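Novice: One letter stands for each residue in the lines below.
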Amino acid sequence: MSNLKLFTRSITLVATMSLIIGTGWMLPKDAMARQVRGNTRVNVNQGGNFNRGANINRNTNINQRTNVNRNTNINQRTNVNRNTNINRNTNVNVNRNVNVHGGGYGGGYYNHNDGIGVGGAIAIGVAGMAIGSMITAAALPPSCSMVNINGMTYQQCGSTWYQPQYAGSQVNYIVVNPPR
Amino acid sequence: MKYQFARNACSVVLMPTLLVLASGCSTQQVALSSTPQTQPSVAVESKTMEPSSAIESNALDSPVIEPKAMAALQKMGGFLRTLKTYKVDFKVSKDEVLDSGQKVMVDGTSELTVQTPDRFHFSTKMDEAHSDLQFFYDGKTFTIYGNTNKLYASVAAPATIHELLDVAKVRYDIDLPFRDLFSWGTDKADVAAIQSAIYIGPTKINDVPCDHYAFRNVDVDWQLWIQQGETPLPRKLVITTKAEEAQPQYVSNMNWNLSPKINNKMFIFVPQKDAYKIEFAVADVAAENTK
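Those protein sequences? They're chains A and B, same order as listed. According to the numbering used here, the stretch in the first sequence is residues 1 to 180, in order. According to the numbering used here, the stretch in the second sequence is residues 1 to 291, in order.
Looking at chain A on its own, in the form it has when it is part of the complex:
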């Protein structure tokens, strides 16, 4: 029975992926996205000690960089857990395939600084993304437009609205309710 389930799931996955590839929904904007670990140190000294009420001393954690999920404890204003997106590599591979067929992309390199995935993307093509889901700039559809509504900046991609925000030095896009 479980075998049958697995089989059905694989078929669904393949069908979903081909749908995405077929529609070109996941075409990245400028380059193929590769996931990298942003763990290469650029400063010798740890720093980060300042009094912000909580007196958290980060220096005690010498294994900061070995911890891939270093964002575990960082919740964003939108209360999105950054680590919920696990299967990001799958999506990246999808992107690459699209690039090869399209011929106009590839060879690029996306600096993915802080382990934030672009997960949930597979489900997009079919069911739409859940509010609060997050994707990287590379995973944005090609035909989006920047819209300013009441002083807030949105990225509108068809019926899906994203709110961009800087997470580290990179911009992530969070799915929000349509503002209009």
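No lab work stands behind these hints, which were simulated from the structure alone. Computed from a prediction, not measured in an experiment: that's the story for all the values here. Some clues are possibly wrong.
Claimed, not checked - Pairwise CB distance ranges, derived in the manner of DEER restraints:
id: 1; chain 1: B; residue 1: M105; chain 2: A; residue 2: S145; range: 31 to 41 Å
id: 2; chain 1: A; residue 1: I131; chain 2: B; residue 2: D207; range: 54 to 64 Å
id: 3; chain 1: B; residue 1: P260; chain 2: A; residue 2: G158; range: 44 to 54 Å
id: 4; chain 1: B; residue 1: P271; chain 2: A; residue 2: S145; range: 10 to 20 Å
id: 5; chain 1: B; residue 1: T203; chain 2: A; residue 2: G151; range: 51 to 61 Å
Said to hold, decoys possible - Calculated Cβ distances over 12 Å to all of chain B for the following chain A residues:
id: 6; residue: N45
id: 7; residue: I131
id: 8; residue: P141
id: 9; residue: G158
id: 10; residue: S159
id: 11; residue: T160
id: 12; residue: P164
id: 13; residue: Y173
id: 14; residue: N177
id: 15; residue: P178
id: 16; residue: R180
Quick reminder that beta carbons are idealized off the backbone N, C-alpha and C, glycines included.
Given chain A's structure and the hints, the job is docking chain B onto it.
Specialist: Frame of chain A; chain B shown alone:
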């Protein structure tokens, strides 16, 4: 039926293996009991042979701290703290570690203009990493601006560069790569963390005579090329991240201008018409506290 067969096959394979294991065990037991005195040394040896962390194996080496190297670091830090206005051009190379563990090196250039204690402009471009950013700090506001995506985010900032660099790192997850220049010569330099400090020798960086030093901390190995003479500036820095299995490196070459032309406007971000304002994601202090 398939499963049944598989199970049988498994047991067929397993049985001899178990037999061999069992016989191996008993032989070893006999050997050990016949020479009980060797047992402790065997145990110790196997412990050290374990692929434990690099940190442990480093601890086994006798660390050397040459006073000359520490003095040079201190002298450089002291000199950095005397600077008021300067511009640094960086040429950097950075290993990025792919999820496969493979290292890929990306190059970039950066420009830093500083007016202590409370102004800087930093632009940094890593082509292959699709990173083309500017940072503005004028003592009141800290702004990040993407030259390509035209998106900017601004926040109220602390009163000095020193404070801002820490806030940027912890609160906004932006570790500006020139933070060390402001740590050295202050109590933020992790001098106590240095386990080894040696002088390698004299050399030239961009035709400037320098002394080459190598340091080891628990989590990073790093090398510094300090300009000889009365202006002991860091001319080159290499950081090896040991905590990462692939041991990626960051290489930074620095060209210094100690009397640059400064325009106060360059520290203040003024959005162009096609720029859009967005927010920073903020690391949540409360959540970290409960860690």
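Novice: All the hints need checking, so say for each whether the structure fits it.
Specialist: We went through each hint and held it up to the structure:
Taking 31 to 41 Å as the suggested C-beta distance range, the pair M105/B and S145/A conforms, at roughly 36 Å. Range check, I131/A to D207/B: about 58 Å between beta-carbon atoms, so the 54 to 64 Å window is met. Between P260/B and G158/A, the C-beta spacing of about 48 Å keeps the proposed range 44 to 54 Å intact. Judged by the Cβ atoms, the range 10 to 20 Å given for P271/B and S145/A holds: they are separated by roughly 19 Å.
For T203/B and G151/A, the Cβ-Cβ distance of about 54 Å falls inside the hinted range of 51 to 61 Å, so the restraint holds. Not every C-beta of chain B lies more than 12 Å from that of N45/A, the closest at about 4 Å, which undercuts listing it as non-interface. Separation of I131/A from chain B is adequate, the least Cβ-Cβ distance of about 17 Å exceeding the 12 Å criterion. No Cβ of chain B approaches the Cβ of P141/A within 12 Å, the least distance being about 15 Å, so the stated non-interface status holds.
Against the 12 Å criterion, G158/A stays outside the reach of chain B, whose nearest CB is about 19 Å from its own CB. No Cβ of chain B comes within 12 Å of the Cβ of S159/A; the nearest lies about 21 Å off, and the non-interface call holds. Taking the minimum C-beta to C-beta distance to chain B, about 17 Å, the non-interface status of T160/A holds against the 12 Å cut. The beta carbon of P164/A is not kept farther than 12 Å from every beta carbon of chain B, the shortest such distance being approximately 5 Å.
Interface exclusion of Y173/A from chain B breaks down, the closest Cβ pair being 10 Å apart, not more than 12 Å. Consistency note on N177/A: stated as away from chain B, and its beta-carbon is indeed over 12 Å from all of that chain's, at 17 Å minimum. The Cβ of P178/A lies farther than 12 Å from every Cβ of chain B, with a closest approach of about 18 Å, so its non-interface assignment holds. Every C-beta of chain B lies more than 12 Å from that of R180/A, the closest at about 17 Å, which supports listing it as non-interface.
In this structure, the earlier hints numbered 6, 12 and 13 are contradicted, and the remaining ones agree with it.
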